[in-house]
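Residue numbers (our numbering), protein chains in the order written: chain E, -5 to 162; chain V, -5 to 162.
One or more hints might be untrue.
Partial list, derived from the structure: chain E residues whose beta carbon lies under 10 Å from chain V [stated by the list, open to error]:
1. S21
2. G30
3. P47
4. H52
5. I83
6. M93
7. F95
8. A97
Simulated from the structure, these hints should not be mistaken for laboratory data.
Here a beta-carbon is modelled for each residue, glycine too, at the ideal position from N, C-alpha and C.
Protein chains: 2
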Amino acid sequence: MREVVIKALLVDPSNNSPVVLLKDRASRKALPIWIGDSEAISIAFGLQNEDFPRPLTHVLMKKMIEYLDAKIDKVIIKAVQDGTFFASIYVRDAQGDVMEFDARPSDSLALSLRSGCQIFVADDVFSSEAIESPFAEEDEFHDFVDDDLDLGEFRKWKEWAEAESEES
Amino acid sequence: MREVVIKALLVDPSNNSPVVLLKDRASRKALPIWIGDSEAISIAFGLQNEDFPRPLTHVLMKKMIEYLDAKIDKVIIKAVQDGTFFASIYVRDAQGDVMEFDARPSDSLALSLRSGCQIFVADDVFSSEAIESPFAEEDEFHDFVDDDLDLGEFRKWKEWAEAESEES
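Just chain E, same shape as in the assembly:
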């Protein structure tokens, strides 16, 4: 297994879909995972440590888990089939017992950002799906998202990415 970090949240111009880039801590390779719009917004707000005016779903999940004396232990991207990724979220309860929950990568990543837990990718998934990271090692994530990202901004950002791709 490899530990990865969320390196960028981008828009794939071919289908206007948000992509999370999971960068291997130990190499220059990164795993792109396509996610939905609302999950992208949740991840974007989590990355920027910003408060959304209303409680977002994954913030709510984290609060409930913490109220119940549990925590998110880690998340693992475990498998890929026909371009669909499968993940697990591990929840540690007050007794220290850990339960694995089948989850989509988007929920797993959004929750990991709120809880600060580590993100892992299974070796076979990483070796078959990873690409060379397009970013320099020293680049910080915040170079790749709008500083004042909100729902409206996110749409504009997507439209901009689309326009850019049509021009090129």
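Given the coordinates of chain E, work out where chain V should sit on it, guided by the hints.
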């Protein structure tokens, strides 16, 4: 406070936005609440008791809460301000203690469907925002959603609603 049931999931043709209609159990009145697309999909699958091929966020939340020996006690639509509704989700832990969580109505309704808990609306919210229900008392919810609703179908359904509104 009034107990309501989710009576219909519709599309508002003026802005192509999904609307949940919360019908008062004790009268013919209903409260419309506008929600996001992904929340509408989650609610639609919850209403139809259908499994989505991947674990949806609110199903995951419910599973985690249950694993931690807790349950969703009830949800209440508590306030409205400038057309934005504010809700609370009440979680009962293993000791019987109940905690209130500030939440959006869409998360509250999606979770209530998974847990089977009751939905309430504060009297002042209901009296200021409720409309006459456009449906007959005996109508069942499933008359108003597509039987084979999936992500693609949901989009088609929205487009259909939009086309209908342009024609009329």
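Status of each hint after checking the structure:
no.	hint	result
1	S21	violated, 29 Å
2	G30	holds, 6 Å
3	P47	holds, 9 Å
4	H52	holds, 8 Å
5	I83	holds, 7 Å
6	M93	holds, 5 Å
7	F95	holds, 6 Å
8	A97	holds, 6 Å
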